[in-house]
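> Using the hints provided, position chains B and C relative to the given structure of chain A.
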Amino acid sequence: MSARLPQPNRLESGGIINRDRPVIFTFDRRVYQGFEGDSLASALLANGVKLFGRSFKYHRPRGILGAGPEEPNALVEVDHGPAERDPNHRATMLEIYEGLETFSQNHFGPLGMDVMEVNDLISRFLPAGFYYKTFFFGGLQAWYRLYEPIIRRAAGLGRPPLAADPHHYEKIYTHADTLIVGGGIAGLTTALSLAKAGQSVVVCEERDRMGGSALWQGETFDGQSGADYVNHLCAEIEAAGGRVLPRTTVFGVYDAGTFGAVERCHDHLAKADRRPHTARMKYHRIQARNIVYATGAIERSVGFKGNDRPGVMLASAGHTFLGKYGVRVGERATVFTTHDGGYGTAAALAQAGAAVTVLDARAEANVVIDGVTVIKGVYAKQAHGRMGLRRVDYDGASNGSLDTDSLLVAGGWNPAVHLTSHTTDRRQSKPVYDPEMLAFLPPELVETEAAAGSVTGAMSTADCLTSAQAAGKKLGGKAVALPTVASALPVSKPMEMWAVPGAGDAAFLDMQNDATVKDIKLSAQEGFKSVEHMKRYTTLGMATDQGKTANVTGLALLAAATGRDIAQVGTTTFRPPYTPIPVGALAGHHRQRDYEPFRYSPIHAWAEANGATFMEAGLWMRPAYYTRPGDKTWLDSAVRETKATRDSLGITDVSTLGKIDIQGPDAAEFLNRLYTNGWKTLPVGKARYGLMLREDGLVFDDGTTSRLADNHFYMTTTTAHAAGVMAHMEFMHQSAWPDLRVAFGSVTDQWGGLALAGPQARACLAKLFPDLDVTNDGLPFMGVLETQWNGFTARIFRISFSGELAYEVAVPADVFEAFWLEALRVGAEWDITPYGLEALNIMRIEKGHVTGAELDGRVSMDDVGLGKMVSTKKDFVGRAMSQRAAFADPDRAKMVGLVAAKPDDKIIGGGILFASADGPFDHTTMLGYVTSVAQYSPLKDRSIALAFIKNASDWHGKTLYVVSHVHGKSIMEVHAESPHFYDPKNEKVMS
Amino acid sequence: MADRYGFWRLLREGLRGHTGWGPAWRDPAPKAEYDVIIIGGGGHGLATAYYLAKVHGITNVAVLEKGYLGGGNVGRNTTIVRSNYLHTGNELFYEKSLQLWEGLSADLDYNVMFSPRSIINCFHTDGQRDAEARRGNQMILHGADAVLLDKEGVRREAPLIDVDNPRFPIYGGLMQRRAGTARHDAVAWGFARGADQRGVDLIQNCEVTGIDIEDGRVTGVQTSRGPIRAKKVGMAVAGSTSRVGALAGLRLPIESHVLQAFVTEGIKPMLHNVITFGAGHFYISQSDKGGLVFGASLDGYNTYAQRGNLPLIEHVMEAGVSFVPAMSKVRLLRSWGGVMDMSPDGSPIIDKTPIDGLYLNAGWCYGGFKATPGSGWCFSHLIADKPTHHIEQLRLDRFKTGYVIDELGAGAQHNLH
Amino acid sequence: MLIPCPHCGLRPSEEFTPKGLAEAPRPVIGGADLPEDATWQDYLHTRTNRAGDTDEYFHHALGCRSWVVVHRNTLTHEVYGATMASEFWAQKNQQPEQETGQ
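These protein sequence lines map, in sequence, to chains A, B and C.
Everything in the first sequence is counted per this note's numbering, starting at 1 for the first residue and increasing by one.
Everything in the second sequence is counted per this note's numbering, starting at 992 for the first residue and increasing by one.
Everything in the third sequence is counted per this note's numbering, starting at 1409 for the first residue and increasing by one.
Be careful, since some hints might not be right.
[Claimed, not checked] Quick list of in silico lysine-lysine cross-link-like pairs, BS3-like style, CA-CA up to 25 Å:
1. Lys171(A) / Lys196(A)
2. Lys1259(B) / Lys1057(B)
3. Lys430(A) / Lys1057(B)
4. Lys680(A) / Lys868(A)
5. Lys686(A) / Lys868(A)
6. Lys171(A) / Lys271(A)
7. Lys643(A) / Lys632(A)
8. Lys686(A) / Lys985(A)
9. Lys133(A) / Lys1045(B)
10. Lys1142(B) / Lys632(A)
11. Lys906(A) / Lys686(A)
12. Lys1142(B) / Lys969(A)
13. Lys1142(B) / Lys906(A)
[Stated by the list, open to error] Incomplete in silico selection of chain C near chain B, CB under 8 Å:
14. Glu1422
15. Pro1426
16. Pro1443
17. His1453
18. Ala1459
19. Glu1464
20. Gly1471
21. Leu1483
22. His1485
23. Gln1503
To be clear, the hints were calculated from the coordinates, so they are not data collected in a lab.
Built from N, CA and C at the ideal position, the CB exists for glycine as well.
Bound-form chain A, shown alone:
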């Protein structure tokens, strides 16, 4: 523990900080000491620091305005290295801990000598919207290369983190009968009322501890201090089964009783005190039947010249620093108030030994406080002191000047109605302006909502407690005995004074964005009279504090400038989040590697151990090729695998294909309606290739489906569309044909599958199933057998994607790896070679088989040469739409095969086809495009490709040019032919 260092503005006693735990921290590399329980703001104020940062636009020196989440000025970086840099922390919300390092931000040069302050000197030339009116000179390039880069560097606030966030974040589903937002006295009282009635309640409080203003106002509750009474309430709520969550921001209200909240778990702890493997933040998705808005009220300032000078702050802020932290913000304090409330702060400061003068805007005011000078009927006209307040001029009934080091402004209260309007459309009402209270109050709430405390417009603590009791009662709570409040705080409705007479420039409303009283007037002058126009034109309320202290004042001034009343002007729409929350908190654990799950085949581990390089196929990881000694590139591997398969025997994993088991008396009829071709005549023990259209007539998916029994089919889909096909089948069955007696389910994960391909496939299969007749007669092309392998069901399909004699064998996924290894052992005799997607790709292109590259959702059956696969005798999905005119257009591009003219050329995927190498190349002369490329085809001893081209068959035997401008305008000669390069008569697959 370090020695006590002097803290000039810290009182000897008072506050709820832990004076036994001094804390060392730094700000701009200077070392300071505060106490456990301090915010950065209170600790620095205790140390006499006044200057915290620079404003966004004019780079004016700024101090502290508030004491809580509404703070617009004092934003700092917490910086413990590039990955641990955390910009734009509100100093009022940042709790200090041992070793905390913080920095002021948004200045060029030291905080006290920011060169960008030149903007303030020329601010008369930079009014609202100035950037819309200039920076054209030199045209687009001048804007982009000259003006904009300067603006971008000057804008922004803190520096960004530059590396991945090392922390982790949790997501939690929290359920409750009632969510109470705000853990002040009102929220806690409502919560207790509900908890005692047996409801499960959660109370979320954004600040570091429960209690709200009870922690600093100096009132007593049944003789207890505010802090003690709050502890007592919390204990009772918890005893009744409720939860209280400090440091938890309810950031948004969503549909059906869903609320978003973020709990800060680490940011107040020194590194050593953070429990390992725990989350920095927890994001609660809260599901609650009822909500209580006990969100309090936020004080507002008044527009006068220099109201942003360091040392000018909200009265409630000065009071909070005094009551909660034991920090006296000034020795010669001035309170500028429009209502009785300012006197409470004045009294507290006077009691703490400050010399206090009250400037009361009201001529008629009758609060008397010992030792406090009151000047009635005057307003603060101008505050002086660039780096720290020195003097304030007042005017009105009398005028004069006061030497002062702190000016506390009590301009009235804005109830924090933000959350009540996140789902405004639900009750078709927005917050309502109350001309008596000079504030927006919550709209009429529905039966599952209630409001409690100062958000309702209640001013005294006693009234807040009464409103809490009413809120509890509305939502079914039990009556709770209210404490006797001993209060010396006068309250009254405020006098209407949004800005002082004559206020214009340098009278700030939105302190961070530097929107002034004058900007509002200019906005109205230029016709931006809608509240949304004004907000957007002046940027008022668009800073990190979202205008919590500024918005209502801004629209009151807009109303005055346009001759309307405030209710007519209305508010802008509040949007979530209520206060800013880290992006990472909402992302939780689903990031980077865990962004999406991986799907693995049952033999993934084997493939990994045997040299496979994988490629993504949706969520699946599929072997692309297996590297063997001697393979220098992936193409070497793929070509070796292709040749081995074509010459002898290859094996590949097809487990990722979608598999759907279909059963029922109408199963055949169902398939008949899903596929373009006919299925009723398919015999048991046979497979058939099927093409599915979408309802718009374009090709959806293809695959083979086998009839295992009269009423039992086994469908395969492509890997990519497995989920989509399943959902499509369910949609068609349930929405269009519910009468069909058919049931089906995905069995993709239940079966593992391999393909044996090549001239020796049959010999290998015979050895795997010695008791089975696998001759061409026993298992002809498209034949299907169901048998046993070591007591497990095995399904053998004689189908081929590679163009070779081939069989696909499916066994239960649990035993698939064993079966795969057995196939490798048995096949060793023929040098069985595992092949991956790259080899498969070469073989299927040689064969002219289509995959997702061709079936891209824009092609018709005819386009891919499968137009004859239509049974015209029946209805099927897509039939009607495939009769549209566009489908018969002779200009439609259809599939063609391409062979590189030169043996070393590699055709470019995505290249465009032209008839001439000399151009012109434009969209009117382009004929088609390349979809799939085999960089090397052993069959053709060069590169081949599949492509689409207009009048495809006319081009067979002719020369074309593949042009790719994005590959350095490469132009390559190719020869077109039928896409069925390999074994066009299917002799091999039938052999």
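For chains B and C alone, coordinates are given in the frame of chain A:
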């Protein structure tokens, strides 16, 4: 032209306390009759009025806006401007639009802050690379620009992108250098001011409650501020197209879906380009004010409420921190939603309707903002009976004929585009 | 949003995949099947797209795999109920025509 903007004017006004700036536009009462009424004072409607006046000399025009000018999707989007489309039907149109963007600030005498900071669409597989190469090639063949970047190229352009993403590594990206961002409100205001200066009446708080049709021909509209006659009426009300169309008895191929968008607190520059993460349908850029502006896909359900829900929000944040890991600590400042006119093929409609004199500009899906000048320019040509080839394929009847323009190949389901 | 799946009860919306408005059934087999026909256009493309009460298809993909038609309000996101898609059109046909003024 009166009331020119510019550096010297700003200087002069600064010296005399900005007392000389007049209203950016008048606030006229509606006249009894106009040659053309444009329903919808959003970006497209204002641009249409501007080009009707500027290009065609048709100035007896009113723009009727239910709320305030620019209050729809032009004021609630992620401000991306690009012309990186595959199909001729789209690319001819969007490239025309991009060319208009390039001269727009000077043309409007209003800085719309179009900033050609480029867009990069990242891809993850060989197949996606080939598809992007084809798209890039076709863009170039339509007069646009495109560059195919490899993995290192993406890393060079955008060092904070996790190209080595452990789940979906990035193979490369298709880059359009001339693409970028603009200041959304300025576009609406610039067109509004330009149209107003040329005599167009911009009438706010004027809701159209009926469309008058006699013998199959439009004769005017009923509004909350009384009836107004017109020879021609153009609808530019994306987000409300079905509702306004119903006033003329039209049943249109549109569903309404919410697209959420997000902006963080301002921070010093960390991203230069507009970048998209294919695996998450995620896009991001950084505004001049320093906020990261980003979004992803639709919530998916039909809605007219300008807000979304948490499942999509979580998805977007997950994609964001996966793609740009350093943004995890950056704080989300504001989220909002815009109502999209979703067409069955994801492409827009600029066409005549079956009712004489009634013109339709709709179905913008995600693409409305970048289309603003092009849409106004082309729609004004259509209304002025000067057809232009840029919108030859953006026809209303294409769902009957089958000449759909499906960039994603997702088929006839509105919420998939 | 919460969706009352007729099979599973009240479930969070993220278990469901929305497909679009259920305004017209698929034209029946043997009926009109020309693409220009309004029945097909209404099924696939055109929508009344009411701002207010609508019926919309949702697939309980991460649940019971039922397709349900959710009755909800597109202005307020209020959900009134849901019907199995397999029963929806039959029920609708039995009801007398209502709200034809839309």
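> Run through the hints listed earlier and report the numbers of any the structure violates, in increasing order.
1, 2, 11, 20, 23
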